[in-house]
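Engineer: The residues making up each chain are set out below.
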Amino acid sequence: MSRFLDKLFARFNIYREPGYYGKYDYKWTIVIDLDKCDGCEACVIACHAENNLPIVGEEECSKNRAFNWIRIERYVEGEYPDVRVKFIPILCQQCGKARCEVGCPTYATYHNQDGLNVQVYNRCIGTFTCATYCPYDVRHFNWFSYKWEAPLEQQLNPDVTVREKGVMEKCTFCIQRIRAGKDHAKDEGREVTDGDIQPACVQTCPTGAMTFGDLNDPESRVSQLAKSERRYRLFEDLNTDPSVIYLKRVMKQT
Amino acid sequence: MDTNISYKEINDDVIDAMTRTGPLYYVVLAIVTILTLLLFFLPWIYQIKVGQGVTGLNNPSYWGVYLVNFVFWVGVAHAGTLISAMLYITRTQWRRSVHRSAETMTFFALIIAVSFIMVHMGRVWNFYWVLPYPNQRTIWTNFISPLMFDVFAIGTYFLSSLIFLYFGLIPDIAAIRHRSAGWRRRLYVMLSLGWRGTDREWYIRDKAYMLFSVLIMPLVVSVHSIVSWDFALGIVPGLHKTVFAPYFVTGALYSGFAGVVLLISILRRVQQSSAKYITERHYDRIGITLLALSLLWSYLTILEIVMGLTSHSSFELEHLRYKLLNPGFAGLTALMIFSNTILPLSLSIRKVRVSITCQFIISIFILTGMWLERFLIFGTSLPRKFLPYAWHDYHPGWVEIAITAGSFFLFILMFMIFMKIFPVISITEVKEEWTDS
Amino acid sequence: MLKRRDFLKALGLGGVGTGLGFMLGESIKTPATNLIPYVVPPEDIVPGVANWYSSLCTQCNAGCGIIVRVLEGRAKKIEGNPHHPVNQGRLCAMGQAGLQALYNPDRIKTPLIRKGSRQSEEFRAITWEEALSVLAENLMKLKIASNTEKLFLLSSVIRGHMGHLFETFMQNFGSPNYIQYDLFQHKELIFANKVSMGINILPHYDIGNTNLLLSFGADFLNTWLSPVNHSLGYGHMRQGRHGSRGRLVQIEPRLSLSGANADEWIPVRPGTEGILALGLAYTIIEEGYYKGQDINEWNKILSPYKPEIISELTNTDNERIRTLAREFASARPGLAIAGENAASYTDGVNHIIAVNILNHLADNIGKTGGVISNPEAPIKKTQSLKDIDALLRNARAGEVETLITYNTNPVFTLPHNSKIQEALENIPFVVSLSCFMDETTAHADLILPTHTSLEDWGDDISEPATGYNTATIMQPAVSPLYDSRNAGDILLSTAKRLGNRLQKNMPWDNFRDFFIESWKTIYEKQRHTYAGEPVFEDFWNKVLTQGGWWDQEKRTHQSIHFIKDNVKRFISSSPSLFQGNEDEFPFYLILYAHSGYYDGRHANLPWLQEMPDPMTSVVWGTWIEINPQTAGKMGIREGDLLLVESPYGKLHVPAYLYPGIRPDTVSIPIGQGHKTYGRYAGNRGSNPLDLLPGISRHETGTIPLNSTRVKITKSSEKGNLVKMEGITKEFDRQIVQTIPPYERRQN
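For the record, the sequence lines run as chains B, A and V. Going by our numbering, the letters in the first sequence line up with residues 1 to 254, in that order. Going by our numbering, the letters in the second sequence line up with residues 1 to 437, in that order. Going by our numbering, the letters in the third sequence line up with residues 1 to 747, in that order.
Because the hints were derived from the structure by calculation, they are not lab data. A couple of the hints might just be wrong.
Stated by the list, open to error - Lysine-lysine pairs mimicking DSSO-like chemistry, simulated, CA-CA at most 27 Å apart:
| id | chain 1 | residue 1 | chain 2 | residue 2 |
| --- | --- | --- | --- | --- |
| 1 | V | K115 | A | K241 |
| 2 | V | K115 | V | K141 |
| 3 | B | K147 | A | K49 |
| 4 | V | K115 | B | K248 |
| 5 | V | K300 | V | K143 |
Go ahead and model the full structure; you've got the sequences and the hints to work with.
Structural biologist: Structural data, given as structure tokens:
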């Protein structure tokens, strides 16, 4: 009897694994070294260029509706002259146990076999549940169908959809680059090598604070960095299992 | 209750109320229709055309006045079911005159609640994707999502309320069908399904009605619990509380009863005949219920605040601080406490309870307070999530305010049309009441 | 029962209705546009497959190399060139936004000639033929009247062959008046280095390998000199070397972005950075860290800078000065850099020289992790023979007949007190070679649109390089969008029209020919290093593919001799001069380059307008930074509109409460306040340069930015301050977690 039950439950236990796959193909991770990040926001602009993010204008910015899939948060402590400024880049953490995936009624956001939290634009009906559930506030909504003033639309990246109004979007770890990288590797009959694929933000970071790679691969740079004694994840005790690992900033304690 | 009224008189009263319409009715109907169009439908169409950007929503306050209205209207709907179903099972007598209007209130409130779900959606033309139907993409909906629970819960509730309402209407329609003419007659003949009033039919109907009441009764608790879990299942501080299910259900019944009071008070004024059937006794009983619910609600609110204060969680404390101390919200919180806790305490005095004016005013305050309660839940939890850098306040835009106001007018519009087509007092039940007494 | 007649009626109606409905549906569909823009695509275009072109980033003066992703003839993304020694594959925010300059909706598409008065800014489109004849006519008139020296050519700072072409043109035309002007030219740094170390070319500041970096007002991670290279070095300095972590101490009155990353911020009094540097230098001498023979002489020179004496003046604790000096001298290597803020005082040169002295005495010059000299450029540097002051003086005196400007906007980047507008009014004929209708171009009589850098040929010698010769090639990544031309082409066609000497000495048909020929010369000179490229064509292909030419083998560490006698003249124990008396104008005014707009040139790029400022998160506007304690005393809250007045001008700006600034100082970013310049930049914010006096330094001819005091009055209005941040407090939520430093930290 118990064997029967085991077999029965085994069929359903696979649904408890995020992404429904016992093992991820890759587990894409970004390691951000906060001791190197200097808050320059090159990553912010690179992301705009790569992912067809619209410019919303001054009025919409005053309503906090700008599209910064990655943003640099700045926390300031102390008073003059003992001012301590800390920068942290916040992007979609691609949580392993994502709250947003639980909330979406139409499966517009789900976990794919690369460990990424994927947003399907044409399935989204705009219930805002994912954005409300997200503890990191990294989801952005297309409040209008934004227009690019000609000829700025010539710059749009053809590998990335341009979203219409009513659709939620967020950082995808430049999934178009991941797909291209995986296809390229497949053409050459090999696995993806470490460093082949870089999201726009990681590629442009002038201090080299960001590293991208496959955590499943023990030889990759991110696996080495993830062993650091300085590692932590944002709001780890919320149990969201984020795929972004931060390395603590070295700073005199007060 | 004046027991000298004959059955014929009851029938006459009800039919006269429906068929004899003065010009005032048409004037008011026209005004309400225009207001509904202007305030509810036109801004909504504008919003669909231009995008959700015309609201005051932003990152991170993605849920605002629309969801508040949704919860409010679903809450209002619950009281109707409580009165018709639950009080039927307990054989409470005073429910008889008021339960039809309460049940109607439920039905229309649900319609408005569902419309608010659609108003708040970004791509409303794909609304039907939340329904789990087999499709060529071989994709089902996400059953784990609390919004899907909503779909089933509210869908079930909607259908059940409709059928329940209809069940109650059948004998009433049959009673008046022969007395009517023209389109009314055709309508009533069709809807009464050939009811002949035989003993067997009455027996079956009573059994079916009782069965339905029992089936519908759990919905009173479950639907609003499910609606509350829309919010409680997010980990947002201020929303992520286990007390939400009982809190929302209590709040729903509370605001619903206040809505019933409003409704029957207006009905008494507008339809002179109804005044005979809705008396002090009803107000007295409803008043006691309101008091009981007010005390329960106050207890749960205090519980919520105390749990937040003793939580040692920076997130919860910030949310509480924002709700209770922030200049913008402190006033609203005070108004809410006054309307929901302090003012209804006066209902412990019998004189207040039986005074229709007093109850009317108290009910308006209660409804305002309950609407504010939901607004405070959203307006203070979403702008103050986990990352302080991302905090941003929420101010409703004109579209949201217009649609909110428009929804009340839509409710009035629907009710005004209903009361001219169907009897608002349940003829059957009233007759039964006197037979029993 | 349906009768036959009714059936036929229904059928007819249904049929017609369906047909109408179908036509209605078709008519409201937008006409299909082609997916692929070519009927017969050019050979190198495969739809969906990108071509990458190596080129040069011209968004600031660092000269980083870029690669441009081009799909179907359209530029889609700019990345750093991984082979380029300066930026090694990385790129800053300004560089990434270069795409929006190419596809900007406000580009000038055809040559324009002025219709009404200069103030009316009305122009009429004309053909190139017409435009070039107008220009040639005007220049011919000057030639005939023997007034050739009344032609002035004003361009941005150009280090490559375009500058040579301009020089050649001016020489052959007969005018010595070729001026290069940008707001940030590092002329003070170059002058100071020449005076103190005898080097003509900027050295490499080896931040990556240093142990203690003292930054005197240098926003080196953000806008100073070569930000991407410095950032690379910074990352390496912090966590790139196993076992050691470099430290950064920032010494400036206003905490910049680089300062925010520092281990310590010393808020020195404005105008006393040099004095503090000399205080550190004195401590090094006094406590025996300096091992040179001339220690006694140095002691005499530096004795006025004893820490106890200068402590009050610099507003720094004297014990801290001593301990810092000890740390610096023991850092081995340490590095002190003097940035734009220090250079921007009236006597900015003195401050830089003081910092150079500090480096010298701490033995950092010529060492890894210190100041490394760069070899002389492979091509002769274009000498800007005159400075912008010469233009202003001559124009006022009526000695300028024709002014040709290229890629520079002095009407915006000079304070209006320098009377640049009046000067322009005095010039009868102004020609602007420009892509955008900026303020200077709006005052021109003839406008000739030039290519943006993604459509153009050119080159640049990176300065500072990283220890060896580096030249970057700029090549077109896309065909020109509009009817614009390369500036060199314009001058060459004008030369042909002017005939005689000009035509003879400038025989090239277009700039590209001149350019390739110049590179042949470089190839010949450096032939011995290119055994692998026996023919110029191979060399040229290699250079184009990799984006430039650099010779890592040939690191000539030009030795640097410190010239003590020179520096004696340039150091001073008095703080820098600020105009305006202290009682009436209580605040020091510090101006700085904005991380997006730089000197105002990128205010027309919407990405950069919407980029939140890294230190304040303000977008789409200007603001003034004021210390919260000062603001509290004056009753100023965030967003209040303040009236800022200097003895020379006034502005209205909203306030931002900034804890990282001295209570006696206020700061305004440069970059907004454009009157024209397109839909994104026009009529937005304020230009703080209008608060400055119009005096220039005589050593360098540049305008000191930190040279005036201001007074602040609270107005009754609320300013328009749009910021993206919520609250910048962490509330113990462990968001940015930190770990204390200790020696020998492992990663």
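Engineer: Decide, hint by hint, whether the structure agrees.
Structural biologist: Here is how each hint holds up against the structure:
1. V:K115 with A:K241: Distance ~70 Å between V:K115 and A:K241 Cα, so the pair is violated.
2. V:K115 with V:K141: 22 Å, holds
3. B:K147 with A:K49: With a Cα-Cα distance of about 15 Å, the restraint between B:K147 and A:K49 holds, given a limit of 27 Å.
4. V:K115 with B:K248: 62 Å, violated
5. V:K300 with V:K143: Outside the cut-off at roughly 58 Å; violated.
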